[in-house]
Structures are given as C-alpha cells and as structure tokens.
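Visitor: Taken in sequence, the protein lines are chains A, B and C. According to the UniProt record's numbering, the first sequence is numbered sequentially starting from 1. According to the UniProt record's numbering, the second sequence is numbered sequentially starting from 1. According to the UniProt record's numbering, the third sequence is numbered sequentially starting from 1.
Just so you know, these hints were derived from the structure itself, not from any lab. There's no promise every hint is true.
Below, in silico cross-link-like pairs of lysine-lysine (DSSO-like), each with a Cα-Cα straight-line distance of 30 Å or less [claimed, not checked]: (1) K222(B) with K262(C); (2) K416(C) with K404(C); (3) K404(C) with K222(B); (4) K325(C) with K311(A); (5) K250(A) with K214(C); (6) K126(C) with K252(A); (7) K138(B) with K311(A); (8) K36(C) with K319(A); (9) K416(C) with K87(A); (10) K404(C) with K262(C); (11) K250(A) with K138(B); (12) K222(B) with K289(C); (13) K222(B) with K349(C); (14) K381(C) with K138(B); (15) K138(B) with K214(C); (16) K381(C) with K319(A); (17) K334(C) with K222(B); (18) K222(B) with K381(C); (19) K416(C) with K319(A); (20) K214(C) with K289(C); (21) K349(C) with K397(C); (22) K311(A) with K36(C); (23) K252(A) with K319(A).
Derived Cβ-Cβ restraints for the label pairs, each shown as a range [to be verified]: (24) F124(C) with I144(A): 36 to 44 Å; (25) Y161(A) with I298(B): 54 to 62 Å; (26) D261(C) with S199(A): 51 to 59 Å.
Quick reminder that beta carbons are idealized off the backbone N, C-alpha and C, glycines included.
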Amino acid sequence: MDLFAILSILDATIRLSTPLLLACLAGLYSERAGIFDIGLEGKMLAAAFAAGAVAAVTGSAWLGLMAGMGVSLATTLLQGAASITLKGNQLIAGVAINMLAAGMTTFLGQTWFSQGGRTPPLGPGGRFEPITLPFANELAGVPIIGPIYAELISGHYILVYIGFIMVAVTAFVLYRTRFGLRLRAVGENPKAVDTAGISVVLQRYQAIIITGLLCGLAGAYFSIAQGSGFGNNMTAGKGYIALAALIFAKWKPVPAMFTCLLFGFLDALQIRLQGAQLGGVEIPVQAIQALPYVLTVVLLAGFIGKAVGPKAGGVPYTKER
Amino acid sequence: MSARRPLPRWADIALLPAINLLMAFLVSGLVVLFVGENPLHAIQVIIYGAFGYGDGFGYTLYYATNFIFTGLAVAVAAHAGLFNIGGDGQAYVAGLGAIVVALALDQTHWLIAMPAAIIAAGAMGGFWAFVPGWLQAKRGSHVVITTIMFNFIAAALMVYMVNRVLKPATTMAPESATIAVDGRVPQLRQFLSFFGYSPVNLSIVVAIAALIGVYILIWHTKFGYAMRVLGANPTASRYAGISNSRMIMITMTISGALAGMVAINEVMGVQNRLVLDYVAGAGFVGIAVALMGRNHPIGIALAALLFGALYQGGQELQFVIPGITREMIVVIQALVILFTGAMEGLFRPSLERAFMLMGPEQKTEAIAVSTAKPES
Amino acid sequence: MNTQRSDTTVAAAPAAGWAIELEKINKRFGAVHANKDIDLRVQRGTIHGIVGENGAGKSTLMSILYGFYTADSGTIRVNGQVQEIADSRHALALGIGMVHQHFMLVDNFSVLENVVLGAEDSGFLKPSLTRARKELNRLEQEYDLEVDPDAIIEDVSVGQQQRVEILKALYRGAETLILDEPTGVLTPKEADDLFRVLETLRDQGKTVILITHKLREIMAITDNVSVMRQGQMVATVKTAETSPEQLAELMVGRRVLLRVDKSAANPGKTLLEVQNLVVADDMGITRVKDVSFAIRAGEIVGIAGVSGNGQTELLESITGMRDQKSGTVVLNGKPLALEGDDGAARARKAGLAHVPEDRQRMGLVTTFAEWENAILGYHDKPAYGSGPFLDIAAAKKAAADHVKLFDVRPANINLKSSLFSGGNQQKIVLAREMEQDPDVLVIGQPTRGVDIGAIEFIHNEIIKMRDEGKAILLVSVELDEIRSLADRILVMFDGVIVGEADPATATEGELGLMMAGINKETAPRGLGIAEQGPLP
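Generate the whole structure from the sequences, applying the supplied hints.
Guide: Put into structure tokens, the structure is as follows:
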C-alpha cells in the first residue's frame, strides 16, 4: 500500500473513532461515578435525531448541536432519576433508554417529516463543514509530513477536534481536580464520600450531566457532521462498541482514546477490505466487524490482563442502618 | 430513612405493578396526544386488531409465542440473579440449529423434524448463553456485558453463515433454502379456519409447555430451589454447598435454550427458511415481558399476550391511523421497562403510606413518618 | 431510668466545660426505637467511653452527633451552643470528627488523597495536596501517628488505615473525635498503639468519645463512662469509681449468667481432626497458619481470640466454604474432600453441621419463607424429595418440627425470614443444623445479636448436643461464652493456635494474655508485642 492508501485508512479511522471516543468518554464519567451506563446507544441516537431534525428545520448546525445535547441531557436525567434518585436497576434503566430512543426517533421522525423516519437532507449551514487547519494547503506539498498534516490532521469536523481535546481535558479533570477526586471516590466508595460531607446524589448527577452532554456531541456527529440528516437507527450499535472500548480501556481516558482508535481502525479496515483477498484467502468482513466485541470478551475474561471496574458501579447508594 | 411497613402481598405482586403499567400506558397516551392523535381511538384500534377477528388474534398469538420464550429466558436467569440481556443473539444463533435439522429432515415428517429441531435450536441457543455463563462462573466477567457482546458477535456470525454457507447458489436474497412442506411446523389454521391466514403454529404448544416446565423447575425442583438461593444470596448458596459456578452455567444454558425456541416458531413455523434478523428484537421484548410478569410464568404468559397484542394491534394501527407508526409499540415497550423495571420504586413509598393510613392502629405512625423531616 | 444518677455522679460543669451535650435524643427506625430520650454530656479534654451490648443504640447515637442521621427529636449542644447538625459536613465544621467501625476510605486512593477528599481547598488538587502533606507531617510529629502519605490504602495494614481515619478527622480540625469500636479489627499491639495516640490527643486538649463493648478497654483508658442498654442511657459514671462487674450489670440489666449448668465432659473417640491447615483469605493473605487440633465425641472445644485472627477463615475452611492451601480435615476417620465451590455439601453429607458466624449473610436467605430456610443446605437429601423434585410438604413438616422444638416465634413457617428477630433467626439456623443429627457441629458466634432469653436457650441446646455424644467446635469473640461452654479452650492469635487452657482453671487474665499473643512465661503484661500483627 502506498502512503496515500495508508493515509486514507487512517483518515477514515479518525472519522470513525470520533463518535466512539465521545461516547466512550461520556460513559467514563458516568461509570467512574458508579453508574453503569448501557444506555449510551440510546442517548446518542436521541441526540442524532434531535440534531438532525433541528438542523433541518432551522438550517443551523449549531442549533442542531445544541438540540442534540439538550435532548441527550434530558434523556440522561431521566435515566438518572431512575437509577440515582429512585435507586432502580441501572442496567434495566439503560435498556429502557435504548429502546425508548429507538422507538421515539423513528416514530417522531415519521410523524413530523413523513420520510420513513428520516429527517430531511441538510442544506448548507445545516451541517458542519470540515475545518482546514492553518497552512494545510501550503504544506501539502512537503513530502511525508505534508500529506500527513494536510490529509490526516487537517480537514476534520470541529467535533473531531473536540473529541480528542476532551481526552486531555478528561484526564486533567479526573486526576488533577477536586471534582475528579470526588467523582472517582463516589464510584469506589460512596459511603466515604457521604461521611466526608459530600452529597453522593449530587456528585453522581454532576457526572451524568457531563455524560449527557458528551453523548449529545457524539450523536450530533452522526447526523450533522458525518452524515447529512438523520436516518433510522443511525448509531447502529456504536454505543455498545463505545461501552466495550470503555471496558477495554479499563475506565481510563488516554487508553480510551487508543482503544477507540483501534476499534475505529478495525471499522475502516472492514470497509476497505470488502471482498479483498489476503494470501488467496478471503477474510470475512464479519470477522473484522465482530473483532471489537470478541476482544472485549477476551479482555473481560482476564485472558489478556484484567478489567476491574469501579467498585461501587451498578449499586444504588443507600444510607443503611 | 423513613419507617417502612412492607406492603401487603397482593399489593406488592398485583397493585404496584398495575399502577406502574398504567403509568407506562398513560405516558404512551400522552405521546400519542402529542402528535395530535386520539389515544382512546388508538387503543380501540389496537384491541380490535389484536383480538377482534381470527386473523388478528392468530397474529397476536404468534407474536406472543416468541415473547413467552424470551420472557421465560430472562426470568429463569433472573431467578438465579443473572441478567441475560442476550436473548436476541441466542435466539438468532439457535436458528442455525433449527434450519440445519429442518433441512436435513424435511423429507420425513414434522413429528420427527420438530422435536429434533427443538433439541438442535435449544443446543445452539443454550451454547450461546453457556459461554457467557462460563465466563462469569470461571473468569469473573460480568454476564450482562458479555451477553451484549455476544448479541453483536451473533449478528456478524449469522450474516456470514447465511450468505456464505446456507444460501443456495441459485438464490439471490440472503436466505437459506426453503424447508419442504413435510418438515414445517403445522400452522393452527390447518386445523382451525378461525385463524384465517395468520401464522400462529404449534410452537405455541411448546411455549405453553415451557411455561409449565419453568414453573415446575423453579418452585418444585431441587435445582430450582438452589437457583433461587443463588439469586437471593450467593454467600448463602455457597454455605449450602450449592456450586455457584455450576448453577450459573446450567441456568444460563437453560435460559439460552428457551430463547432459542424462537427459532422453531420463526424458522420452522412461519418463514420456512432462515432469513437475516428474523428475531427482530424479540429478545429485548423478553426483558419487558419478564419484568412485567414479575418472573412468574403466569405473569409472563399474560405479559407476552399483551405485547403480542400490541405488536399485532400496532400493525393494524398504522393502516387505520397513518399518524401513528408501529414504532409506537417500541416506545410503549420501553416505557413498560422503565416504569415496571427501573422506576419500580416510584410509587412504592406513597403506596406504603396509603396502606399505613388505612390501618387504624398504624395511623399515628404513618402521620409521624410523613411529617418527620426528610432525610438524606 | 438512671438519669438522676448520671447527674449526681459527674458533678457540676468542670472548669474545662462540656464539649458535647445531648438532651432527650430520640431516633426510630421503623418499629425499632433505637434511641430513647438519651441524655449525655461529655467533658472537654477527656476520654469518654460509651459501652453497651450490640444493638444498644451506641452507634446510632454517635451517627446522630456526626450528622449522618438526624434525630427525630432532642437537642444537641456543642461547646454550649445549640446546634442542628444536618449533615456530616456541618458536624465537621463544628469540630466533630468520627472514625467509623468500617473505615470510610477509598481503597485505591493514596493516603493523601483520602485525607484531602471532601476538605479540598480549591478546584484544583495541587495546592490541597501540598498543604495536606505539610499538615500531615505536623500531625504525625505532634501525635506520633506515622503513615506514608503516598501509600495506597489497600496496601497498608488495618492499623495504618485507622490512623488515616484519625488523621482525616484531625486535618479537618476535629476537636472532638468519636471512635466506633476501634479495636475490633486491630491486633493487640495495634490497639496498644491506638490507645497511646488517644491519650496524647487528650493531653493536647482534644475530646475523645470511645464506643466499645469491651469493658477492659473502658477500664484501661477512659475518664468517664456512659452505659447504654436497649436504646436508653442507663448511667454515666467516673471510670475510677466503677468496676467491670458493675458496668457489665448495667449493660445487661441483671447479673450476667457466667456459668452454664453442665456436667463434666465425657469425651469418647475422636470425631474431628484438623491437620496442618493453612488457609488464605480473599485477598490471598494467609490467615490460618498450620493449625492442628482434634475434637472428641461429647466435648466442646472453644476457640478464643480477638476477631480477625483467622477464626473466620478456619471455620469456613473446615466447613468446606473456603479452599485450603494445604492440610487435611478428617471426619470420623475419613479425610474430607472440601475443594471446589460445593465443598460445603460434601462436608454436610459426611456429618458436619455448620452454624455460621453471620447468619444474615450466610445462614439464611432472608427473602425466603421460614420453611424454605429450614432445608437450606439439606435440600438435596432424599427426605426432601425424590429425584430432581422438591417435596414441599416434607420440607414444611420439618420446618414445623423445628419451630416447635426450638420455640421459634412467631410460629409461622410461611413468614418471610427477615421478619423474625435476631434470636429467632438464630434458632431457625440452629434447629436446621442440629436436627440433622450430625456427628460434628461447627458453630460460630452462637449468640451474636441474640437477646438474653434466647442466649440461655441456645447455650443449653449446645450442651445437650454435647451430652448426646457430638463433637462441637465453638468459635466466639465473647470470652465469657467460651469459658462457660467449652470443655477445652484453644486460643488463636495471628492464625496460629498459641495455647490451650482449661476453662475451669484458667483466669480471664491468662486467656487475655494468650489472645494478645503473649506467652505468659516470657513477657510481662501490658507491654507491646515485638512482632508486627498479622493483618495486611
């Protein structure tokens, strides 16, 4: 493969990793605070729909983005009400959210736009445009570095850059701030947090609010950046891959980035390898599609290292006698 | 922490779930109102579509058959404290067992092909749940995450199997060869013209047998006893000498095998071949069914019938009221899971207070509690 | 009610004043009246003990003072000012710190992070951590509380973790420090160290409230002591003016029945033999180190020791609940195969019954009906159903028999097990295990959290079993219980059986020394033990 082919796969990798990364970081805030979140998929889907619908109606990508984040946030708060305030089963809450999003997006999409659940295609301004970084065009001619800068690093949607910046921000927040210290503590031993005079409930809500906003970014990416408008079940299980990536990264931000890049790369490879031959044998595309899930299962089973999540994860906090 | 007096048994098993269910339907009704349609009219349409005539009722039963199987799958696992979220994948992979046996035996008689296919489908579905069970029992990985992953692995596997292995060279569509008439599970309309053209078939008898079988298993066998001990208190089950790891593996296998029976209904009873995505989310409906049915076979039968009716009535709905698509049913299903599952505690405190106020000797205490400063 | 007495015994306000004054505190948890009209005054600059049996309401009272619960009624005064303590943050602001029985530490955080948690100076951690490091240094010097600020909590010993808890409170400027059963998890050496720290704190003008049910600790370290019984405050006295006997009487409300009526043991052949047993806990730390002993038919062997010295792991391994690293358990001449997670089933089949230390967590499924618990562990027996089926009628019949024989109240076998009182739950477990006619009965903490009336009944049942020729292994942290029931006492310390004593002749002092790991010939009483404790 020549440099261009490699670059184009890597470029696709970045594009495909971004929603995974945003969703994965979203899940990180929630799960580090002790709330298992299998509802990432639903929140992204709801956000994708809201963003697509609002962008189509208003013609503004930014309004679309805000709508996506708002709807995702509202969905998250509903999930939070069930799993934090009402101390309900976090897993079941996640399942409900996923189903609710799947049903509502198609239902409302059809009712409002009558295009089989799709939102109308976006006009100019309704969709985010790729950003050309400074000097990208000038440097493009420079051997090796030029194309890498111009093709790989420059020319992505703003949400891509936000996603990667969020990795550094998350790492800083988690390990260097009071908020991060309390967030990690509340996922490990909420009682210690409670007796230190900090509200467990408030801390958990703060965490999932970030989760909601990041899922909103991830969802909007599908409908108003990568795609032009919302389509039925547009997130296609990416929320679950993000969940797998979160586990694979052992709930840490920087490894989360690398895991999402790996899973994004597998996705890019799979698209490119459709029908390709390797040494005379055809690699089934489905094998590559299944690889992220298989890798996660293998990791969880402790065959390659061990993934141990936050200790208080999944358990509603109750002051007991 | 306020003083709590547990609810009377009947309120706990019937009244509270009924209130939660009502809440789910109420919110669904609001959604319908929101899009400018009349929810009462919608209910009328659904009820007529689901029960009003033979064809419709037959479809209701056909959907309910699937939901009984997946609901039981979730319930059996739940009794052992496991959340099997992978019913979809298990039912999907079970299709391989069903189709291979059905195609091999379709020159004999359905009385031979059907039991053999039940075993094969159960084995495949069971295997697809056994592996996550094994991983939890022996390697400590959480069955919820693993079964989710297995749903996606199943999807990839089945696309490959259907396209590359099962598809005859002569067909274009991604589907297996068709099962010959002799190997198909008979549809009830062959015996009762009442059912019109609906696909309800003898699988429903298997479903009823499964309901009874699960009831006996859970409450009248030593294995079921051990399962419930494990589900209620894993430390106590170890104390009791119950092998938790073996219980997890066997329970998951039973759960997967039950989910696998969906393949009998769909592959041998309705489609007569293996098509892609034939499970169509039935595994997830099973979660709603089990939650609503409180993991009890009688509850599951009723909940499955309700969801069957919603699915069938929902089909009808989109013809009669074009403003409401059948995705509304998925919304209702999600709301049922939300209110009867995750937000189960929403009305419990107020209901408990109401019951305390009703008992005269408990009145003072109830008032004391409701006026006491809220805590936490 | 002895409230007048408390007023007269500790006279008018001392020069230093009252640090804490509680008046008519009430707290109910549902039907349980955990605190009834409690009055308590704690003098500044003293160590004030609060004693009482398990469930007397000590921890509830202190949780109210610390703002973890809110009292239903009553007044709290801190330094003479009336305060409504709404939450722990408020209590901390008033200078009240608490060291809980179960430490409130985040295991994968460093000592420093734990100290800072909830008391950060600003949004960014760096300045807080720097200041905390300096402050810890100072506190360490001042109170002789040495810890490594960068150590991760899960890597340090329990004693060290407790120091972190104390440092946490001091870092937050605590003037009054509440310690809830602080020595339960400590080795005697660590307990000694803790007491030294508490004395230093007092000498520096801090006030210490020590909750315990161990009279020895009260006598050794406190200035004043308050006694609680069944949710009420029954007395407050100067420690110097009381005796353990008097406190014990106040605690239980009448003379403690120290001796159980029993005849001399008539031991027969050896039924249970434990050979060179080595057992590790869940963390992989060896807790039982090469333990061997034998029990004969018709005798009760008691294992005494401070809790956490390997008794739990020993019990769990003998009964097949925990894999052993090496060693053998021989029952009736046959070695038991106990490995695997169904070892308990094979132990039972061989004739070994087990009343576990923690019945709520282990011995019962509290959500089950009483009759369902009557067959727990024995459900596979042919008596309760042939083949794979469960004979519900037979199980209910057994349950009804148990309820009758052991006078379980209420006598309703369909009642949910969680609705029985502690004593009746224990009777349910005992009845199940004893009525299976085992050769060996292993019984842990038989009367923990059990009311007095049931204690006598349970003790008599155990003696009856012995007289029927069973071998009984009894583990209890209540030394009195061991001394009154056992025919032989083995003392366990740091995973090792350090000695054997005859209950008829051994004094409490001698046993106490052995429990502290001190060999009576070599070490004088009360001094620290050279060796570091067994805990991680």
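Visitor: Hint by hint, say whether it matches the structure.
Guide: Status of each hint after checking the structure:
1. K222(B) with K262(C): Distance ~40 Å between K222(B) and K262(C) Cα, so the pair is violated.
2. K416(C) with K404(C): Measuring from Cα to Cα gives roughly 17 Å; hence the hint holds.
3. K404(C) with K222(B): holds (25 Å)
4. K325(C) with K311(A): With a Cα-Cα distance of about 27 Å, the restraint between K325(C) and K311(A) holds, given a limit of 30 Å.
5. K250(A) with K214(C): Violated - the C-alpha atoms of K214(C) and K250(A) are around 44 Å apart, more than 30 Å.
6. K126(C) with K252(A): holds (20 Å)
7. K138(B) with K311(A): holds (20 Å)
8. K36(C) with K319(A): It holds: about 21 Å lies between the C-alpha atoms, which stays within 30 Å.
9. K416(C) with K87(A): Distance ~23 Å between K416(C) and K87(A) Cα, so the pair holds.
10. K404(C) with K262(C): holds (24 Å)
11. K250(A) with K138(B): holds (20 Å)
12. K222(B) with K289(C): violated (38 Å)
13. K222(B) with K349(C): holds (16 Å)
14. K381(C) with K138(B): holds (27 Å)
15. K138(B) with K214(C): violated (42 Å)
16. K381(C) with K319(A): violated (40 Å)
17. K334(C) with K222(B): holds (28 Å)
18. K222(B) with K381(C): Distance ~9 Å between K222(B) and K381(C) Cα, so the pair holds.
19. K416(C) with K319(A): holds (23 Å)
20. K214(C) with K289(C): holds (27 Å)
21. K349(C) with K397(C): Cα-Cα ~21 Å, so holds.
22. K311(A) with K36(C): Violated - the C-alpha atoms of K36(C) and K311(A) are around 37 Å apart, more than 30 Å.
23. K252(A) with K319(A): Distance of about 29 Å is within 30 Å: holds.
24. F124(C) with I144(A): 36 to 44 Å: Between F124(C) and I144(A), where Cβ atoms are some 40 Å apart, the hint holds.
25. Y161(A) with I298(B): 54 to 62 Å: holds (56 Å)
26. D261(C) with S199(A): 51 to 59 Å: holds (55 Å)
In this structure, the hints that do not hold are numbers 1, 5, 12, 15, 16, 22, in rising order.
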